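*Asks:* Here is how the chains run, residue by residue.
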Amino acid sequence: MDPTISVSKGCFVYKNGATRADKKASGKRKRATGGTSSLLGKEVIGQPFYDAYTHTWTQMNEHIQRLQQQSYARTLEQLVEFVVGQRQIEEKEEEEEEEINEILPTAALLTGINQPDHLSHFETFTQRLHAQKAARVCVLQSRDCPTLKAAIEAMVFSLIEGEQHQEDAEEEEEDRDRKRLRRSHCTIRQLKSWYSNNFPAGERKKSQQLVVILPDFECFSGHVLQDLILTLSAHCDTLPFVLVLGVATAMSAVHSTLPYHVSSKIRLRVFQTQSAPTGLNELLDKVLLSPLYAFHLSGKAFKFLTHIFLYYDFSIHGFIQGFKYCLMEHYFAGNAYALCTDYSKALNRIKLLTHEDMETIRRLPSFRPYVEQINDCKRIIAVLTDDDYLKKKLPQLLRDCLLHFLLFRSTLEFFTELVGDLPSCPLGKLLRELYVNCLNKPIVASPEYKECWQMLSFLSKEEFVAKVQRSLARTEHFLAEEIAPLELGEACMSVLRPQMQSIRQLLDDVVMGTLEQMPAMATDESRPAASLTQVASRQELKAQLLQRTQADKQHQQQPTTEFARSVHKTLEHIETLLVRGHLRALQDAPPLHELYVFSDISTVRRNIIGAPRAALHTALNNPHFYMQCKCCELREQTQLMGSLPDLSVVYKLHLECGRMINLFDWLQAFRSVLHANEEPVGEVAQEQIDPQIQARFTRAVAELQFLGYIKMSKRKTDHATRLTW
Amino acid sequence: METICAALEPQFPCREAAIRTLGELIGDSREAYPSAIYLFGHSGTGKTALTRAFLRECCRQQAVRIALLNATECYTTKIMLENMLDSLAPRRATEETFRADNMLEFVEQLRRWHDQGAKFQSFLIAVDNAERLRDMDANVLPVLLRLQQQTSLNLCVILLSQLPFEKFYNKTGLTEVISLHFAQYNKAETQRILSSYFFQVRAQLLKQFSKDAQRLAICEAALTEDFYSNYLNLFLSVFYKACRDVPELQLTARKCFSIYLEPVLDGTVESTDVSRLWRHIAGPLRSALTQIYMRIDKPPEEQEASAAIEDQSVRKLAQSLELPYYAKYLLIAAFLASHNSANQDKRLFVKHHGKQRKRMQTVNARAKVAEKMSTTLGPKSFSIDRLLAIFYAILEEKVGLTCNLLSQISTLVHLKLLSFVSGEQNIMDGSARLQCTVGLEFVLYIGKVVGFNVRQYLCDFM
Numbered sequence: 001m002d003p004t005i006s007v008s009k010g011c012f013v014y015k016n017g018a019t020r021a022d023k024k025a026s027g028k029r030k031r032a033t034g035g036t037s038s039l040l041g042k043e044v045i046g047q048p049f050y051d052a053y054t055h056t057w058t059q060m061n062e063h064i065q066r067l068q069q070q071s072y073a074r075t076l077e078q079l080v081e082f083v084v085g086q087r088q089i090e091e092k093e094e095e096e097e098e099e100i101n102e103i104l105p106t107a108a109l110l111t112g113i114n115q116p117d118h119l120s121h122f123e124t125f126t127q128r129l130h131a132q133k134a135a136r137v138c139v140l141q142s143r144d145c146p147t148l149k150a151a152i153e154a155m156v157f158s159l160i161e162g163e164q165h166q167e168d169a170e171e172e173e174e175d176r177d178r179k180r181l182r183r184s185h186c187t188i189r190q191l192k193s194w195y196s197n198n199f200p201a202g203e204r205k206k207s208q209q210l211v212v213i214l215p216d217f218e219c220f221s222g223h224v225l226q227d228l229i230l231t232l233s234a235h236c237d238t239l240p241f242v243l244v245l246g247v248a249t250a251m252s253a254v255h256s257t258l259p260y261h262v263s264s265k266i267r268l269r270v271f272q273t274q275s276a277p278t279g280l281n282e283l284l285d286k287v288l289l290s291p292l293y294a295f296h297l298s299g300k301a302f303k304f305l306t307h308i309f310l311y312y313d314f315s316i317h318g319f320i321q322g323f324k325y326c327l328m329e330h331y332f333a334g335n336a337y338a339l340c341t342d343y344s345k346a347l348n349r350i351k352l353l354t355h356e357d358m359e360t361i362r363r364l365p366s367f368r369p370y371v372e373q374i375n376d377c378k379r380i381i382a383v384l385t386d387d388d389y390l391k392k393k394l395p396q397l398l399r400d401c402l403l404h405f406l407l408f409r410s411t412l413e414f415f416t417e418l419v420g421d422l423p424s425c426p427l428g429k430l431l432r433e434l435y436v437n438c439l440n441k442p443i444v445a446s447p448e449y450k451e452c453w454q455m456l457s458f459l460s461k462e463e464f465v466a467k468v469q470r471s472l473a474r475t476e477h478f479l480a481e482e483i484a485p486l487e488l489g490e491a492c493m494s495v496l497r498p499q500m501q502s503i504r505q506l507l508d509d510v511v512m513g514t515l516e517q518m519p520a521m522a523t524d525e526s527r528p529a530a531s532l533t534q535v536a537s538r539q540e541l542k543a544q545l546l547q548r549t550q551a552d553k554q555h556q557q558q559p560t561t562e563f564a565r566s567v568h569k570t571l572e573h574i575e576t577l578l579v580r581g582h583l584r585a586l587q588d589a590p591p592l593h594e595l596y597v598f599s600d601i602s603t604v605r606r607n608i609i610g611a612p613r614a615a616l617h618t619a620l621n622n623p624h625f626y627m628q629c630k631c632c633e634l635r636e637q638t639q640l641m642g643s644l645p646d647l648s649v650v651y652k653l654h655l656e657c658g659r660m661i662n663l664f665d666w667l668q669a670f671r672s673v674l675h676a677n678e679e680p681v682g683e684v685a686q687e688q689i690d691p692q693i694q695a696r697f698t699r700a701v702a703e704l705q706f707l708g709y710i711k712m713s714k715r716k717t718d719h720a721t722r723l724t725w
Numbered sequence: 001m002e003t004i005c006a007a008l009e010p011q012f013p014c015r016e017a018a019i020r021t022l023g024e025l026i027g028d029s030r031e032a033y034p035s036a037i038y039l040f041g042h043s044g045t046g047k048t049a050l051t052r053a054f055l056r057e058c059c060r061q062q063a064v065r066i067a068l069l070n071a072t073e074c075y076t077t078k079i080m081l082e083n084m085l086d087s088l089a090p091r092r093a094t095e096e097t098f099r100a101d102n103m104l105e106f107v108e109q110l111r112r113w114h115d116q117g118a119k120f121q122s123f124l125i126a127v128d129n130a131e132r133l134r135d136m137d138a139n140v141l142p143v144l145l146r147l148q149q150q151t152s153l154n155l156c157v158i159l160l161s162q163l164p165f166e167k168f169y170n171k172t173g174l175t176e177v178i179s180l181h182f183a184q185y186n187k188a189e190t191q192r193i194l195s196s197y198f199f200q201v202r203a204q205l206l207k208q209f210s211k212d213a214q215r216l217a218i219c220e221a222a223l224t225e226d227f228y229s230n231y232l233n234l235f236l237s238v239f240y241k242a243c244r245d246v247p248e249l250q251l252t253a254r255k256c257f258s259i260y261l262e263p264v265l266d267g268t269v270e271s272t273d274v275s276r277l278w279r280h281i282a283g284p285l286r287s288a289l290t291q292i293y294m295r296i297d298k299p300p301e302e303q304e305a306s307a308a309i310e311d312q313s314v315r316k317l318a319q320s321l322e323l324p325y326y327a328k329y330l331l332i333a334a335f336l337a338s339h340n341s342a343n344q345d346k347r348l349f350v351k352h353h354g355k356q357r358k359r360m361q362t363v364n365a366r367a368k369v370a371e372k373m374s375t376t377l378g379p380k381s382f383s384i385d386r387l388l389a390i391f392y393a394i395l396e397e398k399v400g401l402t403c404n405l406l407s408q409i410s411t412l413v414h415l416k417l418l419s420f421v422s423g424e425q426n427i428m429d430g431s432a433r434l435q436c437t438v439g440l441e442f443v444l445y446i447g448k449v450v451g452f453n454v455r456q457y458l459c460d461f462m
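Chains as they are written, first to last, in full-length UniProt numbering: chain A, 1 to 725; chain B, 1 to 462.
The set of hints was computed from the structure by calculation and includes no laboratory data.
Hints are not guaranteed to be accurate.
What the hints assert, rightly or not - Derived EDC-like pairs (lysine to aspartate or glutamate); straight-line CA-CA distance at most 20 Å: (1) A:Lys392 <-> A:Glu372; (2) B:Lys416 <-> A:Asp144; (3) A:Lys391 <-> A:Glu356; (4) A:Lys149 <-> B:Asp137; (5) A:Lys192 <-> B:Asp86; (6) A:Lys714 <-> A:Glu636; (7) A:Lys429 <-> A:Asp665; (8) B:Lys416 <-> A:Asp117; (9) A:Lys429 <-> A:Asp285; (10) A:Lys569 <-> A:Asp387; (11) A:Lys303 <-> B:Asp460; (12) A:Lys149 <-> B:Glu397; (13) A:Lys711 <-> B:Asp385; (14) A:Lys303 <-> B:Glu397; (15) A:Lys351 <-> A:Asp51; (16) A:Lys300 <-> B:Glu397; (17) A:Lys149 <-> B:Glu131; (18) A:Lys149 <-> B:Glu16; (19) B:Lys416 <-> B:Asp345; (20) A:Lys711 <-> B:Glu424.
Quick caveat: nothing in here was measured; it's all calculated off a predicted structure.
All chains, full assembly: derive it from the sequences and hints.
*Replies:* Shown next as structure tokens:
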């Protein structure tokens with residue numbers, strides 16, 4: 001083992017004197033150092049790739065935020081309306097002199113699972129309410145409310161203090177003089193007196209609702225919730241409470257938690273938010289697959305991220321962070337990747353590239369085919385050695401690349417409409433699925449594609465024409481809406497428009513096509529009928545029949561009617577022009593596409609997905625992997641060496657045992673591993689165990705127990721139980 | 001006393017006897033009060049409302065100082081005592097706040113008032129949900145029952161609860177109190193109470209149709225007391241068996257009345273044609289019966305949409321609940337682990353599990369009767385290791401044991417689809433045991449969604 005001082009890692013706290021008392025001072029300090037708030041040093045921030053990264057990320061992030069706000073907007077609007085509306089209802093009830101007292105207005109927001117994401121919803125909700133000056137909001141998390149006492153104290157505290165925080169910004173000084181509220185003083189009585197002081201009964205118009213949000217309804221313990229609701233409803237007549245429940249599962253959860261005498265105290269209104277998968281699809285279609293951005297994810301990376309989302313956690317926030325990580329990883333690879341941006345910007349950046357950056361470009365896998373297709377020997381040498389020559393060539397290459405992606409994206413739109421709603425959706429029905437399929441492998445060769453094409457040719461005339469026309473219209477719309485404002489939009493459109501025109505013409509043929517049989521096909525009908533009579537055996541008959549069906553099949557594949565022919569022709573045309581032309585898989589993409597497409601999925605997987613158990617196993621089984629010391633290099637995984645750390649030796653020995661481990665045997669094995677190199681000194685040495693070794697062993701076992709691999713058995717003395725398998 | 005009773009009786013029909021008894025006990029502040037009164041009866045029998053109104057009347061007419069409080073809110077004794085002092089305090093002294101950390105200080109404060117000349121003042125304290133007092137400090141309930149004796153004030157404590165007083169006895173014993181039972185209303189009484197709101201309903205409806213002259217006319221003509229009592233008769237025939245809570249009945253009756261009135265307003269049915277009206281209302285009443293107590297408030301524009309949410313069937317629940325793919329499998333695995341015994345696992349999930357020897361004994365033991373079906377016996381607990389093992393066995397593809405996967409388990413626990421049975425604190429050493437809380441039908445549905453036949457892996461169905 002290398003002479004390291006310690007293998008343990010730790011996190012140490014150094015008090016820097018930033019206590020509450022000198023909050024102001026620390027604030028100033030922050031402002032002073034605000035310029036270099038980033039974790040990274042100046043040398044990184046100044047680089048072009050960092051510039052490109054921040055630009056792309058801020059742009060995308062804003063786009064995402066905008067989109068999410070839009071999609072939450074409707075539900076939030078309703079919710080805000082509900083809260084504000086309560087006041088009018090109360091007033092109305094007063095007018096009517098009705099005595100439906102003690103009924104708590106409640107909104108249940110069906111959020112769908114994944115609660116961490118929902119906090120952000122409620123934050124925006126709070127902001128809206130504050131903006132309208134309509135309500136005082138308090139978010140009560142279940143972890144703050146183990147008992148009714150804690151719940152009410154937390155609620156009252158944040159309702160009263162919440163206001164002071166708002167004022168904080170303006171009058172920090174005054175705030176400090178004010179007597180701070182003690183937790184134990186936060187009672188409903190306190191709240192009442194505070195409310196009547198701040199909002200005197202005379203000016204009811206100005207009064208604010210008191211909104212209590214429980215974002216994670218399911219996590220609350222039943223009796224706390226019941227008592228809380230009973231308490232709130234009892235004070236409903238003096239304090240205008242509105243309860244908002246964030247329900248992750250379904251309404252039945254509310255009904256099963258609240259017994260009748262509680263549920264009759266609330267008036268429940270249900271709101272439904274957008275479900276997480278729809279939210280994600282929207283996000284993908286509008287932002288990640290938008291032609292606006294030069295950065296693309298490869299099919300596999302894309303699938304990986306959506307896979308985490310759909311299979312594990314449904315967390316949109318997590319998805320965005322994963323995507324951000326990919327983005328960082330992509331740009332961090334070097335300054336050459338700064339070219340991954342708009343065309344005109346990239347042109348400017350080309351000048352800044354150094355020799356090393358050019359070498360990175362030359363080392364890209366897709367650069368090789370490009371070089372190979374150049375016929376001229378001199379030019380090949382120039383491209384490979386002369387930086388300036390390559391720099392001159394680069395704009396054209398980049399342009400080709402960017403144009404390819406635009407065409408790809410537009411054609412994808414066409415293709416999605418075409419095959420998306422076929423029965424059983426062999427290629428997938430969503431844009432994202434098709435994107436992944438098209439990028440991963442040449443789609444024309446896949447059996448799913450053939451199935452699709454067959455199904456398309458089976459469609460009736462009206463259906464087929466309508467479908468293709470819909471696809472054309474959608475592509476046209478996409479071109480006009482999304483592509484046209486772009487830099488290379490014109491070029492893209494000039495490529496696609498004529499192709500679409502030709503498809504349209506072929507479609508006209510389909511419309512004109514009749515269902516009549518073609519006379520040319522009818523001639524070879526007479527041949528097989530005769531041969532059926534002269535069969536000798538059953539097998540022969542079977543063979544003949546088989547042959548015939550095959551012949552029939554072949555026969556059928558030949559389009560027999562004018563209509564079928566024209567359909568066939570159209571499909572073929574679409575295939576050659578669009579699918580083969582534009583929907584090329586990543587390996588057939590134009591040179592230098594690596595600059596725009598992120599595909600290093602293994603790094604991302606390693607870094608995004610935590611696998612603690614696997615990591616621990618590696619660390620203990622093969623310490624060399626992490627410590628990089630010379631002494632512990634193993635020829636094979638199961639090898640045992642005395643130079644390994646004690647813990648590792650003990651761990652490996654325990655892997656060989658069954659459920660129960662005899663501590664003495666274990667110790668003997670441990671000793672023999674440590675002394676493997678030494679000659680056995682004799683019987684005496686066997687009997688006596690060196691106390692130092694025993695101490696090391698005991699310590700290692702204790703550490704293993706701490707890590708949760710074993711547990712001391714209570715049934716059998718001197719035995720430990722294995723806990724993992 | 002007479003005036004108080006007279007004021008209350010029209011408000012609370014069918015409670016004349018109770019009002020009279022209360023009046024005799026505490027109706028006159030110049031007479032000595034009993035030290036404590038205990039009122040009990042089911043919910044919705046008017047205990048709280050009646051007591052509240054009675055005390056307010058006392059306060060108004062005889063200047064008795066009253067305190068009304070709810071024991072649910074009083075999570076500490078201190079809050080209860082301070083709330084009591086606050087509302088019992090003489091009017092002029094509102095500026096000062098009273099502090100009472102414990103019973104002693106509370107009693108002393110009351111004695112101080114006695115010395116200050118409140119000798120001839122009377123006090124009434126009503127505590128709702130009094131059964132909660134049992135869980136508070138041990139001295140609270142005994143002191144409250146003897147408060148009069150200890151403070152020598154003319155003071156009476158009224159306890160309201162749904163339990164009979166026998167449930168309050170503890171080791172130290174309590175002084176006897178005067179109990180007053182609020183019996184449930186019988187059908188006739190319920191109908192009488194509900195029909196007492198007739199004029200209110202009528203006024204409201206008339207106001208509602210005030211813009212529509214034609215409907216207003218029909219409404220005025222049709223809405224007679226007879227018509228309304230006919231309606232209540234029909235209404236109670238459906239609801240009385242299920243619910244006797246008067247406020248709830250009143251609310252539902254009001255909701256359904258507009259549906260009942262609809263055909264009359266449209267002119268399709270005569271207001272006297274009870275049998276046709278019944279045919280019209282029977283369906284809505286029955287569906288209202290399933291939603292009683294739930295208080296789902298529908299925005300006017302979304303009446304149809306929210307009806308779907310209320311549907312309680314399991315299928316709907318499973319549809320509305322969206323889970324990630326692996327979470328679905330984990331839930332199925334949890335269900336299988338809960339409803340199969342551990343010694344069957346090998347047979348169910350391992351491919352080459354060997355041949356099973358059949359002996360008469362085992363065959364007989366296997367012969368399952370419905371009571372022995374583990375799906376009907378309820379879930380058994382299982383360890384996380386077993387859950388993961390079954391999860392990997394039923395999942396065809398290979399997935400790594402990652403944080404994301406493990407966190408799904410805790411998510412399911414949060415959603416209350418799984419629950420910890422024991423060892424919640426020591427998840428680390430693997431002794432924590434979980435239980436699946438969803439039913440067979442739900443899991444079958446989820447299995448169908450992911451294309452997994454759950455029945456095939458349940459011992460009960462083999």
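*Asks:* Taking 20 Å as the top limit, are the C-alpha atoms of lysine 392 (chain A) and glutamate 372 (chain A) close enough?
*Replies:* holds (18 Å)
*Asks:* If you draw a straight line from the CA of lysine 149 (chain A) to the CA of aspartate 137 (chain B), is it 20 Å or shorter?
*Replies:* Given pair lysine 149 (chain A), aspartate 137 (chain B) holds - Cα atoms ~15 Å apart, limit 20 Å.
*Asks:* Given the hint that lysine 192 (chain A) pairs with aspartate 86 (chain B), test it: the Cα-Cα distance must not exceed 20 Å.
*Replies:* holds (13 Å)
*Asks:* Given the hinted pair lysine 711 (chain A) and glutamate 424 (chain B), is their Cα-Cα distance within 20 Å?
*Replies:* holds (17 Å)
*Asks:* Sort out whether aspartate 345 (chain B) lies within 20 Å of lysine 416 (chain B), counting only the CA atoms.
*Replies:* This hinted pair is violated, its Cα atoms lying about 25 Å apart.
*Asks:* Compare the distance between the alpha carbons of lysine 714 (chain A) and glutamate 636 (chain A) with 20 Å, and conclude whether the hinted pair is satisfied.
*Replies:* violated (36 Å)
*Asks:* Is it true that the CA of lysine 391 (chain A) sits at most 20 Å from the CA of glutamate 356 (chain A)?
*Replies:* holds (13 Å)
*Asks:* Are lysine 149 (chain A) and glutamate 16 (chain B) close enough, with their CA atoms no more than 20 Å apart?
*Replies:* violated (40 Å)
*Asks:* Lysine 303 (chain A) and aspartate 460 (chain B): Cα distance at most 20 Å?
*Replies:* This hinted pair is violated, its Cα atoms lying about 39 Å apart.
*Asks:* When you check the alpha-carbon spacing of lysine 416 (chain B) and aspartate 144 (chain A), does it fall within 20 Å?
*Replies:* holds (19 Å)
*Asks:* Taken at face value, is the distance from the CA of aspartate 117 (chain A) to the CA of lysine 416 (chain B) at most 20 Å?
*Replies:* Given pair lysine 416 (chain B), aspartate 117 (chain A) holds - Cα atoms ~18 Å apart, limit 20 Å.
*Asks:* Does aspartate 665 (chain A) lie within 20 Å of lysine 429 (chain A) when you go C-alpha to C-alpha?
*Replies:* Distance ~61 Å between lysine 429 (chain A) and aspartate 665 (chain A) Cα, so the pair is violated.
Checked against the numbered hints listed earlier, the structure breaks hints 6, 7, 10, 11, 12, 18, 19; every other hint is satisfied.
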